[in-house]
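Chemist: The chain contents come next:
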Amino acid sequence: MGKEKIIPILALIILIIGGTSSAYVYATQIDKETISINGYEYTIDQLFYMGEAKTIETMEGEKTGVSLEDLIPKLGVGCPSCHEYTIMGKEGYQKTVDWDIMKTGVLADIKKVYFPDTAKSFWVGDIVEIEVK
Amino acid sequence: MKKWKVIAGILLFGSLWGFSEVIIGSTIQDVGLPSGAIMTGVFAIFFLVSSRIIYRQPGMQFGIGLVAGGLRLFNPFVGCHLCSAIAIMAEGAIFELIWYRISFDFSELKTTIMQGSMGIISAYTIFVGGYIVTQILTPIADGANFYIENLIVFMPNILARGLIAAVIGGIVLPITILTKKIDITIKDRLYYPTTIGLSILCWFVVIGNWFVA
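Those protein sequence lines, which keep their order, are chains A and B. Following numbering that gives the first Met the number 0, the numbering of the first sequence begins with 0 at its first residue and continues without gaps. Following numbering that gives the first Met the number 0, the numbering of the second sequence begins with 0 at its first residue and continues without gaps.
In isolation and in its complexed conformation, chain A is listed as follows (with noise of 0.2 Å):
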């Protein structure tokens, strides 16, 4: 087959996988109020009323939220350095850190948390569940 047949199949193969995909990512994207943490369910307000505030100094300037240091061990964790946390996003984003990382950042109203020495990739937004491993 030459290339003027398998270039626009190819087209057309990615265009059905883009499109697949939306569909796919529309249907399961997980819309709720509350974010799991440990297996238990909490509002953001629930969450801001258990653990310290704290502000950090970020490359986009001062963060302010929860302490993560502060809840995880409020919410049942023990032994938080010995594990290691997953924070979902509601489009399926997540990244996994440890205590070390975990321990500097802060979970904001927006329901987004910060670390100040990390890339912003790892600046989950829309969290629905942070689990811990």
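Note that these hints are calculated values from the structure, not bench results. Be aware that a few hints might be false.
[Unchecked claim] Facing chain A, from chain B, some residues (calculated, C-beta under 10 Å): (1) Ser-25; (2) Leu-108; (3) Gly-115; (4) Ser-116; (5) Tyr-123; (6) Val-132; (7) Gln-134; (8) Gly-142; (9) Asn-144; (10) Glu-148; (11) Val-152.
Treat the numbers as computed from the prediction; the structure is a model and nothing was measured. Glycine included, each C-beta is placed from N, C-alpha and C at the ideal position.
Fit chain B to the known structure of chain A by using the hints.
Modeler: Leaving out everything else, chain B in the frame of chain A:
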């Protein structure tokens, strides 16, 4: 073609692409549009394809990606600068691989369907490829661990986001090929001052923008 002429071309096109990513990309992001897909579909495709039309040199687009990614590193205030820089460099390399078997006179791409199809393939592949590469390399470059399950879970989203880039690329590539008909000739004595001057201007604005921000 003289080696230095190609190097100056790499510097110029890489600087223009990097400049676009930082200055125009940030504006697109600010208005809430999918900046990554738009930047790839419009600017990456335009600069990579037009440089191929003008210079017809293998390996050049890889170099352009390196320069553009390098310039992107100089503006840490817009989006994730490390992720973007890695993605741009990967996009240049992936483009080079996809176009390896396409002749430099574009003889395979005579019809609009072929041009549009190649635009779709190029934009989608470099966007998705760049995204995947940056998801792997950014945590490593940042001193954290890379977790394959994080990438697998997010793959449908990456494949979906590429659709916008693909559609835009399918439109932009035929338009870019139309520029083959425009005959712009720069005399040799003006070529180096023009290319180097424009490149310096791009870097000056981006770095200046960093200090202003």
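Chemist: Does each hint hold? Answer for all of them.
Modeler: Comparing the hints with the structure gives:
The criterion of a C-beta within 10 Å of any C-beta in chain A is not met by Ser-25/B, whose closest approach is roughly 12 Å, and the hint is violated. Evaluation of the Leu-108/B hint against chain A yields a held restraint, the C-beta minimum of about 8 Å falling below 10 Å. Interface hint status for Gly-115/B: upheld, as the beta-carbon distance to the closest one in chain A is roughly 7 Å, under 10 Å. A distance limit of 10 Å between C-beta atoms decides the matter here; for Ser-116/B the minimum to chain A is near 4 Å, and the interface restraint holds.
Evaluation of the Tyr-123/B hint against chain A yields a held restraint, the C-beta minimum of about 5 Å falling below 10 Å. Given the 10 Å rule on beta carbons, the hint for Val-132/B is violated: about 12 Å separates it from the nearest Cβ of chain A. A cut of 10 Å between beta carbons decides the hint on Gln-134/B: the least distance to chain A is about 8 Å, and the hint holds. Among the interface hints, the one on Gly-142/B holds; its C-beta lies about 8 Å from the nearest C-beta in chain A, closer than the 10 Å criterion.
Taking 10 Å as the C-beta cut-off, the interface hint given for Asn-144/B holds, the closest approach to chain A being about 7 Å. With a least beta-carbon distance of about 8 Å to chain A, the hint placing Glu-148/B at the interface is held under the 10 Å criterion. For Val-152/B, the shortest C-beta to C-beta distance to chain A is roughly 5 Å, which falls under 10 Å, so the interface hint holds.
Consistency note: the structure conflicts with the earlier hints numbered 1, 6.
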